[in-house]
Amino acid sequence: MPKWFQPATLLCGAMFAISPFVIANAPYESTMGLVQKVFYYHMPSAWLFLTASVVCGIASARFLATGNPRHDRTALAAAEMAVLFGLLTLVTGPLWARKAWGTWWVWDARITSSLVGWMIAWAYLILRQYGGPGSEKLAAGLALFGMANVPFIYVSVNYWRTIHPATTVVPKLPFSMGFPLLFCLAAFYLLMFLLMKLRTRVAEQQARLDAIYLSLDEQA
Amino acid sequence: MRNLIRTIAVVFALTMQVSPLAAQTQPKQQEEFTPVDQLPPQEQLPAAPLLVGAYAFVLLMLFGYLVMVSRRLSAIQSEVTRLDADLKRAGKG
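If you're matching them up, the sequences are chains D and Z in order.
According to the working numbering, the stretch in the first sequence is residues 13 to 232, in order.
According to the working numbering, the stretch in the second sequence is residues 15 to 107, in order.
Since the hints were made in silico from the structure, they are not lab data.
Treat the hints with caution; some may be incorrect.
DEER-style ranges, computed between Cβ atoms [what the hints assert, rightly or not]:
| no. | chain 1 | residue 1 | chain 2 | residue 2 | range |
| --- | --- | --- | --- | --- | --- |
| 1 | Z | ALA99 | D | TRP113 | 56 to 64 angstroms |
| 2 | Z | SER92 | D | VAL167 | 41 to 49 angstroms |
| 3 | D | GLY153 | Z | PRO63 | 36 to 44 angstroms |
The beta carbon of each residue, even a glycine, is placed where N, CA and C say it ideally should be.
My request is simple: use the sequences and hints to build the entire structure.
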């Protein structure tokens with residue numbers, strides 16, 4: 013791993029350790045009270061889920077265009093990130109909604125399209141795992157659909173009737189709420205970057221291992 | 015025999031005194047159900063377990079994933095090192 017990886021990991025760990033104190037100092041929201049503080053982990057998870065889906069889609073498009081396995085490895089790592097952060101979003105959201113809305117789940121456009129996006133990321137990984145030779149190109153095609161779903165997820169709250177907060181909430185946040193959000197967002201993005209690096213490294217080493225086994229077969 | 019009768023009389027007298035107290039602690043019998051829009055504050059779902067649950071889930075999942083990927087990486091790297099050494103040894107031999 014590169015030299016900067018360890019200090020960056022320590023910085024990320026420190027940011028996550030500090031984040032509960034930053035969040036505890038944020039004011040309560042007037043209508044939802046204490047439970048609204050789920051927002052400071054829920055929203056970064058959701059943004060990372062969308063970012064990972066876009067990264068997966070772009071890397072897949074570049075892999076389909078160039079055939080370079082480096083892009084394929086990036087897409088695979090990003091798909092895992094989309095599954096991980098999508099899961100965090102889809103679990104923390106209902107925990108917040110149970111108190112704020114009185115229900116665990118509503119089939120509105122935002123939540124349903126997020127669930128669809130998460131299932132596309134799962135489908136990508138399942139296809140990669142069990143699809144056999146050539147499945148990486150099929151999976152790359154699937155990733156393009158996952159990426160196409162992202163703008164729909166983002167704007168859905170502005171066009172369809174829902175009780176999910178609108179996208180205008182974040183730009184209108186006062187500094188006392190905006191700073192904890194930005195802090196958590198920075199910690200989550202740094203974590204995703206480090207996890208992507210680590211996961212890409214696993215894929216590189218796996219490719220190297222496969223090449224060694226291939227050369228052993230040829231020697232035998 | 016006289017003691018037994020006296021004991022029964024005392025127990026009976028005590029029971030008669032306790033029973034109105036027991037009747038006082040019992041909730042009033044409901045004759046109809048009255049709907050309300052809002053739960054009283056002591057009945058409402060507390061936010062803290064949901065909040066703590068959300069944060070704990072996020073941190074546990076992230077840590078679990080980090081451990082899983084690190085273990086995969088170290089397993090693959092050790093296998094690569096072993097096979098590289100085997101290949102070099104076979105080349106020399």
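We went through each hint and held it up to the structure:
no.	hint	result
1	Z:ALA99 / D:TRP113: 56 to 64 angstroms	60 angstroms, holds
2	Z:SER92 / D:VAL167: 41 to 49 angstroms	47 angstroms, holds
3	D:GLY153 / Z:PRO63: 36 to 44 angstroms	43 angstroms, holds
Violated hints for the displayed structure: none, as all numbered hints are satisfied.
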